[in-house]
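*Asks:* Work out the full structure: start from the sequences and follow the hints.
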Amino acid sequence: MHRKPGHEESYRKKVVTPQEKRDAVECLVKEEQLSIRKACKIAAIPRSTYEYRAIRRNDTAIQDALSALVEKHVDIGFWQSYYRLRNKGYAWNHKKVYRVYTDLKLNIRRRVKRRLPSRIKEALLIPETPNEVWSIDFMCDALVDGRKFRLLNVIDDFNRESLAIEVDTSLPSLRVIRVLERIIEGRGQPRCIRTDNGPEFISHKLQQWCESREIKLAYIQPGKPTQNAFIERKNGTLRRGLLNAYLFNSLAEVRLMAEEWRIDYNTERPHKALGYLSPGKYAERFYQGLLHEKL
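Mapping of the sequence shown onto UniProt numbering: residues 1 to 295, in sequence order.
There's no promise every hint is true.
To be verified - Mimicking SDA-like on lysine to any residue, the simulated pairs with C-alpha atoms at most 20 Å apart in a straight line are:
| id | residue 1 | residue 2 |
| --- | --- | --- |
| 1 | K148 | E166 |
| 2 | K148 | G241 |
| 3 | K216 | G188 |
| 4 | K216 | N197 |
| 5 | K216 | R182 |
| 6 | K96 | L106 |
| 7 | K148 | G236 |
| 8 | K95 | A61 |
| 9 | K105 | N87 |
| 10 | K216 | S173 |
| 11 | K205 | R182 |
| 12 | K30 | E51 |
| 13 | K105 | I76 |
Since the hints were made in silico from the structure, they are not lab data.
Model, not experiment: these values are computed from the prediction.
*Replies:* Following this line, the structure appears as structure tokens:
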């Protein structure tokens, strides 16, 4: 003859999680008129656990900050997002930020236009001062109507600062010279300009211009883009963050958004090679004599 199971046996067989045990206690108190102490004993849950109520986390500020970042910068991952927030003055722990980051499903790769794979890169000697070496290179893309356009990129290898992004359907050597003169007028001239063997760069006009200014023109070996790796990395960042992310109707749109992207790149974007500082902040610390102090 089987005996009817008591309260303790029946409830212990059914409950599993702490929340289910809390529900069981409430059921025993309401339906069986038991005290909370006895109901907790039957449900095998400490009274302190039953009475504990988790404090709801308020992650609204982190959610808003992360959402604003990834909406504007579709190509960045967690660590880029985290250090951007740190550089803006937010002191949130990286574990907390990552929890919210995954809650928002930002760790899932976002779809972008498929393009050619990025080139292999290798380290270069890093200049010790600004205006020691500039690198220049071209990129290509197209408007929505199929018209092709080119971008001339100029960077200072010292702090990876983007000095110019010139946009047009054609950028011959004389236009390249005008862009370089415009930059020099604002910040002084470099000792050396590194470039590939594109027709605009090997023209006699550019060579003569460099000679007249006593600027060394250093060509990389044909088929060796890794020898110009600093600007190749920047090109990849520009392509992912701008060219792959948007469709452009006109050159005016490209110029406007390229300049906005360039300013953000120089003033806000953290660079791992620069100790997670932006190019502008890195240069500022250099001129203040603080570059080698611990951040």
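*Asks:* List, from low to high, the hint numbers that the structure doesn't satisfy.
*Replies:* Checked against the structure, the only hint that fails is number 9, while the rest are satisfied.
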